[in-house]
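Construct the entire structure; sequences and hints are all you get.
Chains as they are written, first to last, in my numbering: chain A, 81 to 257; chain B, 35 to 232.
One thing to keep in mind: the hints can contain errors.
Coverage of chain B stretches by chain A, computed from C-beta distances (three or more under 8 Å per stretch; other residues unrestricted) [unchecked claim]:
| id | region |
| --- | --- |
| 1 | 62-74 |
| 2 | 165-175 |
| 3 | 182-189 |
Which bits of chain A does chain B cover? Going by a derived footprint, with three or more residues having C-beta under 8 Å, they are [claimed, not checked]:
| id | region |
| --- | --- |
| 4 | 198-212 |
| 5 | 218-229 |
For lysine-lysine, the following DSS-like pairs were computed, each having C-alpha atoms within a straight-line distance of at most 27 Å [stated by the list, open to error]:
| id | chain 1 | residue 1 | chain 2 | residue 2 |
| --- | --- | --- | --- | --- |
| 6 | B | LYS38 | A | LYS235 |
| 7 | A | LYS235 | A | LYS157 |
| 8 | A | LYS157 | B | LYS38 |
Just so you know, the hints here were simulated from the structure itself, not pulled from any lab data. Glycine is no exception: its CB is placed at the ideal position from the N, C-alpha and C atoms.
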Amino acid sequence: MTEIMNAVSAWAIPVLVVVVVAYAAWKRIPVFETFVEGGKEGFAIAINLIPYMVAMLVGLGIFRESGAFDLFVQLLKPITSLAGIPGEVLPLAIMRPISGNGALAIVAETMQRYGPDSLISLIACTMQGSTDTTFYILTVYFGSVGVRNARYSLKVGLLADITGFIVSVLICNLIFG
Amino acid sequence: MINKFWLFFIIFGMIVAAATGNMGKLTQVILDSAQRGVSISLGLVAILTFWLGMMKIIERSGLTSILVRALRPVAKFLFPSVPLDHPAMSSILMTMSADMLGMGSAATPIGLQAMKQLQELNPDKETASPAMCTFLAMNTSSITFIPTTIIALRAASGSLNPTMIIPTALVATCASFFAAISLDRFFRYLQTRRGNND
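Written out as structure tokens, the structure reads:
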């Protein structure tokens, strides 16, 4: 199992790159020029991310260094341990459905704190990578067409997020634990 | 919502700092954290540039259309109320493909287009149709093959193996997707049953 997982993580990106470039060349796309054209947006996206990152990291920094974070984790431990989610990733689990960039900043802070290849960080990264920003998508998608009654959509989105979180914890413990 | 969250971090943090005598550290923490926010963001430039370049090639070459064809039977099963030749169906398929390839920014405009076309099929314009609910469930839990931003962030944070989380994220994303689709069906079943009993 672990060997398959390692192979997937080693091969996924190189194989994708080769397939994409080869297919595009076969379709007579000027691969280099197209790549450069698309890549131009990369800098702007990173720059746009700065205020989110600064705001979230400052807020989290205060929360963490004051000792509030530990208090918070201790208080909620009985509830989270029931679901098997480590307290350290709880702020991420709460933020994930609310703000994508906010959650990304929490993941960055988690990696800074525990090391990027620690079990806690791997769980955080898996959680971040496995679901999308439920509240944002619900607001934007339904808002754009004027639907007011979203029926059971919020319930479904959040329960699916929780499923993703629990499975993230389980699979990371299994593979990396 | 995010406003309350941020406010809570800062106010609650300050109160605890005052109570535990950690106040002296906080000024330095604020300055250091801001600095880190900037350097992490800039650290993402390299991989974002690379990935967006790849995305452009995927977009131009029409690679998504192959995925669209492969996904058609899945979409037919997920959206029984949408006619196969309706424009909404092709928008739904395009959104699914873009999501899978991690093209988040490209997926949103197509997704909104799909919502507009689903709204045309919706008899009650203020209430979400079953197809819309399924589409939302699909999107909030979208299956992503390669979580590019997270890989970039791991690389920027000095990970020895940034792609290590691809397989675990794949397992988790599939789990949340299947949960979303099944819950969507389950809640719809409950609602229609309740509706019939009234």
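Hint by hint, here is what the structure shows:
| no. | hint | result |
| --- | --- | --- |
| 1 | 62-74 | holds (count 9) |
| 2 | 165-175 | holds (count 8) |
| 3 | 182-189 | holds (count 5) |
| 4 | 198-212 | holds (count 9) |
| 5 | 218-229 | holds (count 10) |
| 6 | LYS38(B) to LYS235(A) | 21 Å, holds |
| 7 | LYS235(A) to LYS157(A) | 24 Å, holds |
| 8 | LYS157(A) to LYS38(B) | 22 Å, holds |
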